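The residues making up each chain are set out below.
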Amino acid sequence: MNDYMVINARGAMSVFETYIKTTPERLWEAITDPEMRAKYSFGVRTDSDWAPGSHYKASVPGVIDIAEGENLDVDPPRRLVQSFRALWSDEVKSAGSSRVTWEIEPVGSSCRLRVTHDQLADDANSELFGGWPMILSGLKTLLETGELLDTPGSLRYSQATA
Amino acid sequence: MDGRGALAANQQLSRGLTCDQSVTYSLGMDAVFRALADSTRRSLLDELFVRDGQSLTELEERLPMTRFGVMKHLKVLEEAGLVTTQRRGREKLHYLNPVPIRLIHDRWVSKYAEPLAATISGIKRELEEEP
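Going down the list, the sequences are from chains A and B. Going by my numbering, the first residue of the first sequence is number 2, and it counts up by one from there. Going by my numbering, the first residue of the second sequence is number 21, and it counts up by one from there.
Keep in mind the hints are simulated off the structure, nothing from the lab. Incorrect hints may appear among the rest.
Said to hold, decoys possible - Residues from chain B that face chain A, not an exhaustive set, calculated with beta carbons under 10 angstroms:
| id | residue |
| --- | --- |
| 1 | R71 |
| 2 | G73 |
| 3 | L76 |
| 4 | T86 |
| 5 | K92 |
| 6 | T104 |
| 7 | R110 |
| 8 | L113 |
| 9 | N117 |
A quick note: this is a predicted structure, and the numbers were derived from the prediction, not measured. Beta carbons are placed, not taken as given, at the ideal position from N, Cα and C, and that holds for glycine.
Modelling step: build the complete structure from the supplied sequences, incorporating the hints.
Take a look at the structure:
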């Protein structure tokens, strides 16, 4: 497809990083609480019991399914590894399973949050990982100011009801 | 990995957001704007956008520049938090981190440019729909 060599035999990878002035516990809660999650994820909630090996589903119930997978490694409040199968269109469904790793590292009075999306195909549809910057920007804004982002697209599903 | 520069910038950014100190907020953003204010550094970001996770050697091959020059520019990008690195065996791979650009978008672009952009794309659509 292009002249770049395949560096990672396990597929392409994208890394998203930001520093958020909060505690690891608050950050973990914001990632795993369905209501909080919906506030900065286009209105999409993520439901799970968060036990290792458990299933999760990201959706606006009755409106649209966004993603699902398994919680492969659950180590609160530091690390969450999930398999990721996108569900929002036939095109992304055909991409199959990839992996999302959330890592929280306290640094001073802030936390570094790193989201690594890997095990992607080398020609993966950028829709699969293109939403992370907006999600992390919204998460940072929510935890630091208590406010929601209202930039176009960021509240896409927040008014949707079944 | 040296993330101290990025941390300092982001801490300033965070402090600005939580304490409403526009001066410190601007300092954090300054590192990002400064990093972007150079065509070579923007072409490095474009290279990583096309193919994320490249080594110094690969980036050096694609740009008309010495290894030292590429290293110097990558350091500025890393300190602004626009590039993150991961070790893979002997190699250090560079990844584009688009989150600071998204923060700029949410802080600046959406406020000033999007109402206008929406109008322009509306006009464009109307013109294209004309028979």
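Outcome of the hint check:
1. R71: holds (4 angstroms)
2. G73: holds (6 angstroms)
3. L76: Cβ of L76(B) sits 13 angstroms from chain A, so the hint is violated.
4. T86: violated (22 angstroms)
5. K92: violated (21 angstroms)
6. T104: holds (5 angstroms)
7. R110: Because about 13 angstroms separates R110(B) from the closest Cβ in chain A, which is outside the 10 angstroms limit, the hint is violated.
8. L113: holds (7 angstroms)
9. N117: holds (5 angstroms)
When the structure is compared with the earlier hints, violations turn up for hints 3, 4, 5, 7 and for no others.
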